[in-house]
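Take the sequence shown: its position 132, counting from 1, is numbered 144 in my numbering, and each next residue is one higher.
The set of hints was computed from the structure by calculation and includes no laboratory data. Keep in mind the model is a prediction, meaning the values are calculated, not measured. Keep in mind that the hints are not guaranteed to be accurate.
Computed spacing ranges between beta-carbons, pair by pair [said to hold, decoys possible]:
(1) Leu97 with Asp60: 18 to 24 Å
(2) Asp72 with Asp163: 32 to 38 Å
(3) Asn108 with Ser49: 18 to 24 Å
(4) Leu97 with Lys124: 18 to 24 Å
(5) Asp163 with Asp51: 40 to 46 Å
(6) Asp163 with Ala34: 34 to 40 Å
(7) Gly41 with Val172: 18 to 24 Å
(8) Ala167 with Asn108: 17 to 23 Å
C-beta atoms are modelled at their ideal positions from N, C-alpha and C, and glycine is treated no differently.
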Amino acid sequence: MTDLSFRTATANDAATIRDFVAGLEEAVGVREVFPVSLDIIRNDMAADEPDFRCELLERDGTPIALVTWYPIYSTWLWRRGIYALDVFVAEHERGNGHARRLLTHLAALARKRGGAFLKLDVDDNNDHAAAAYIKLGFKGSNGGPYLLIGDAFEALADQV
13 MTDLSFRTAT ANDAATIRDF VAGLEEAVGV REVFPVSLDI IRNDMAADEP
63 DFRCELLERD GTPIALVTWY PIYSTWLWRR GIYALDVFVA EHERGNGHAR
113 RLLTHLAALA RKRGGAFLKL DVDDNNDHAA AAYIKLGFKG SNGGPYLLIG
163 DAFEALADQV
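With these hints in hand, go ahead and build the complete structure from the sequences.
Right, dumping it as structure tokens:
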């Protein structure tokens with residue numbers, strides 16, 4: 013039996029973040045469109061108020077998946093939320109429910125921060141991810157934002 017755990021990434025995780033995001037870019041066909049140095053990631057992660065955050069899912073202390081995100085606010089809902097930027101699972105770990113675990117963790121984190129929704133985008137050519145998000149209760153369409161709110165948000169956040 014292996015141990016799965018979450019932790020918030022730090023500037024020391026810059027290489028893992030870069031490699032996982034590069035893996036996602038490659039999977040959706042945009043590899044190296046926006047090359048980045050580790051120094052940029054480290055500096056951005058070490059800021060007093062970072063522009064993005066990252067949660068890592070680890071198996072026995074080794075990162076196997078990540079979700080990058082930032083806090084948002086909706087003036088239509090008058091509530092806080094979280095915008096998920098990247099959801100990535102290492103290839104050898106796919107099919108084990110880790111994307112769901114990441115988003116469940118993120119929904120619980122959003123609620124803990126006073127939030128009431130998750131929002132994300134899906135690349136046009138990523139039908140598998142779109143179907144998975146819809147199954148979790150997100151509403152939306154490929155190429156546009158997907159929103160998880162209300163009972164679906166609460167149900168996912170409760171699964172932690």
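Quick rundown of the hints versus the structure:
no.: 1; hint: Leu97 with Asp60: 18 to 24 Å; in the structure: 20 Å, holds
no.: 2; hint: Asp72 with Asp163: 32 to 38 Å; in the structure: 35 Å, holds
no.: 3; hint: Asn108 with Ser49: 18 to 24 Å; in the structure: 32 Å, violated
no.: 4; hint: Leu97 with Lys124: 18 to 24 Å; in the structure: 19 Å, holds
no.: 5; hint: Asp163 with Asp51: 40 to 46 Å; in the structure: 43 Å, holds
no.: 6; hint: Asp163 with Ala34: 34 to 40 Å; in the structure: 36 Å, holds
no.: 7; hint: Gly41 with Val172: 18 to 24 Å; in the structure: 33 Å, violated
no.: 8; hint: Ala167 with Asn108: 17 to 23 Å; in the structure: 21 Å, holds
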